[in-house]
Every structure is written in structure tokens, then in C-alpha cells.
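Asks: Generate coordinates for the entire structure from the input sequences, incorporating the hints supplied.
Protein chains: 2
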Amino acid sequence: MSSPSSLEALIEALRVLPGVGPRSAQRMAYHLLQRDQSGARRLSEALGRALDVLRHCQRCNSFSEQDVCGRCTSPGRDARQLCVVEMPADLAVLEQSRSYNGLYYVLMGRLSPLDGIGPRELGLERLLARATDGVVEEVILATNFTNEGEATAHLVSELMHARGLRVSRLSRGVPVGGELEHTDAGTIAQALIERRPA
Amino acid sequence: MSSPSSLEALIEALRVLPGVGPRSAQRMAYHLLQRDQSGARRLSEALGRALDVLRHCQRCNSFSEQDVCGRCTSPGRDARQLCVVEMPADLAVLEQSRSYNGLYYVLMGRLSPLDGIGPRELGLERLLARATDGVVEEVILATNFTNEGEATAHLVSELMHARGLRVSRLSRGVPVGGELEHTDAGTIAQALIERRPA
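Sequence lines, in order, name chains A and B.
Under my numbering, the first residue of the first sequence is numbered 1, with each subsequent residue one higher.
Under my numbering, the first residue of the second sequence is numbered 1, with each subsequent residue one higher.
Since the hints were made in silico from the structure, they are not lab data.
Just so you know, even glycine gets a beta-carbon here, dropped at the ideal spot from N, CA and C.
Incorrect hints may appear among the rest.
What the hints assert, rightly or not - Label pairs and their computed distance ranges (CB to CB): (1) A:Arg120 with B:Arg98: 46 to 56 Å; (2) B:Thr73 with A:Glu95: 58 to 68 Å; (3) A:Asn144 with B:Pro113: 41 to 51 Å.
Replies: Here is the structure:
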């Protein structure tokens, strides 16, 4: 007599979550069944519904419940600027800064040769088609300042320049409110190189 | 324009999982939607099905798809022995040892005053009713050898003795295959106190 099959199936299914191995899948299953059945039901339904209704916006590629999301069709936004980010969470951070009113393109990833994600897997043709719609004048690269994010920005920049588009990149430097004493040397070096007239 | 509501709902729902905060819930949601939609569908359905069909066995209190599980009704098992464990995972470990053929009672927890889990919350009356069915002769305590597990074993032992039942506890000592050099001092001390004639 082993565990009931529905329990085994749940433990196995929980392992699709990133970073969840057999032990923590078991712990999660017991927790859901024993301590939070209503939360578990909510999770099952939220997951099913998200799978049913979410797709990628045909213009910005972010998650959307419509073919083209509300942001991309908003008349209040400046369609001449296109900001390229890695993930929807990055887009959210930019929106929270309330300092950008253009449109976005969400790569849903970054170049990562070790994981087999090259230009093709990242769907860069779609970004190219989007950026050459005749309206976009400037492409703002807002990928992360990690090695992979920088490599992605570099390649996108080359592709855009080849199409005659203006390309910019978020500036690097000491964080606002940051103390030099607590800023890493690489950032200090970059802030020196990219120093501005004052 | 914030995220689609179905995405927000999924991220919020993922936070019912133990140890999952807002950041990792977001990461999990993106992963499921972007990289593993079939795994996500499987998870949604496995969770829904487990909630629909799983209940607690009326005899051993473990998860079961029947009112009384197959183990408790098996004629091949010795109903005179009742082994008390904290969780189904502990039961599984004992079964894997192939050295026990009696029945089980799964507490589905342990005494934990700090979490508000006392004798009542742990349902010890149900264990008492189960152990005094007139068939059980020996109660074997196999709760963990943690502070909480030991406290649980101690209380259950007192309750059982008061009913005139024979009670035993798994032995403590140096693990099989273990080297003394790599065994903690507390275990060595216990192994000395509980030394057996050889």
C-alpha cells in the first residue's frame, strides 16, 4: 500500500514549479491538503483560468487577456518611443517610476547561450518587425545590467542601428540616495566613465 | 495599466504555498505561463482532483481516497500493534524499512504550543478512541526525535498508560553504518544510556 494515486499525482505535479524538488513538493502537498484547502482550491482555479485567458499581446508581447493589450492601444502614450525589457516585472518597475510614457516590448527572456536561448528562441524578428512599423523613432534598451542582459542589449542595438533606428540604453551609475562608500567598484568606475557635465 | 487580473490572481494564489513570497510567486507564475503550460495545466488539475477525492482515513487518519484506507482493512496486517507517526511521509519511511507489519495512526502534526497546536488541535481524543478498540495491545511511538516530537510522544505515552495500554518508543542511537567520529555528542550520550547487553 503506497500513497493514494491522487496524492502522488499532486506531489509530482508540484515539481513543475521552479526550484521545487521531491521533498518540498511533498511538504507543499501536505500543507495544501491539511492546512489550506480553500487556498489550494483558489490556486487550482487561478492557474486554470490564467491558462485559459492569458496570451501574449501581439504588439508588446507581454501577458494580456486581449489580442492587443490596453497599454498598446492607449491613445495617451507616445508611440514614437519603444522600450525593450526582459520581463513583465521590469515593465512594472518602469511604470512605477512614472517617468516614461512610451510603449514597450517585452522579450520574455534574454540571450542565454548556456540555456539554448539565442536570437531565434528569443524571437528577435518579432521585435524587429515591431520596431520598424514606421512610427517608432527611438528604441530604449532597458534589459538588465547583467552579463546576459548587456549581451542582449548589444545585439538588439546592432539590429536596430542596421535599420536606421535611434537606440539608447538606460544609464548606469550610483543609485539615487546611494552612498559612494557602499557602492561597488564596478559601478563607481562606470559612473566615472559616464560622468556628465554639471 | 497594471497586469491582467488573471495574472495578478495567479501570483496572489501561488502565495498559499509554504515559503513562497511575492517575488518567487511572480517568478513561478511567469515560469508556468511562459515555459511550462502543460505542466501548469497538470498542476491545476492534479490539485483540483486531490481536493475532490482525498479525505482522511477514519481509522489511521492518513490521506485516503476511501473512508477507510486499504492498509487499515488489509487482513495481512497485525491489528494488535498501532504505530503513531507525525506525517504520512514518516509512515512511508517505516513501510520502506519492511520491518513492521502492524497498523498506523497518523497525527498529521505534532504538539507545537507556539503554533497554537495543543492536544485538542492535534485530535488526540481520536487517537485514544482508536487505540482503545479492544484489539490494539501495543502502541509504538514513532514521532520525530525533535523537541516537539518528543513532547508529543511523552503526552501520548501518558494517555495510553492511563488506559492500561503497552507503549513503546523507537530506540535512539548511532545510525546503522554511522561512524562515531561523525555522530553528534547528544546521540552518543543517548546511545550510552540506552546501551544493550551484547
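Asks: Holds or violated: 46 to 56 Å for the Cβ distance of Arg120 (chain A) and Arg98 (chain B)?
Replies: holds, 53 Å
Asks: Check the following: the C-beta atoms of Thr73 (chain B) and Glu95 (chain A) are separated by a distance inside 58 to 68 Å.
Replies: Since the Cβ atoms of Thr73 (chain B) and Glu95 (chain A) sit about 59 Å apart, the hinted range of 58 to 68 Å holds.
Asks: Cβ-Cβ distance between Asn144 (chain A) and Pro113 (chain B): within 41 to 51 Å?
Replies: With Cβ atoms ~46 Å apart, the hint holds.
The structure meets every hint from the earlier list without exception.
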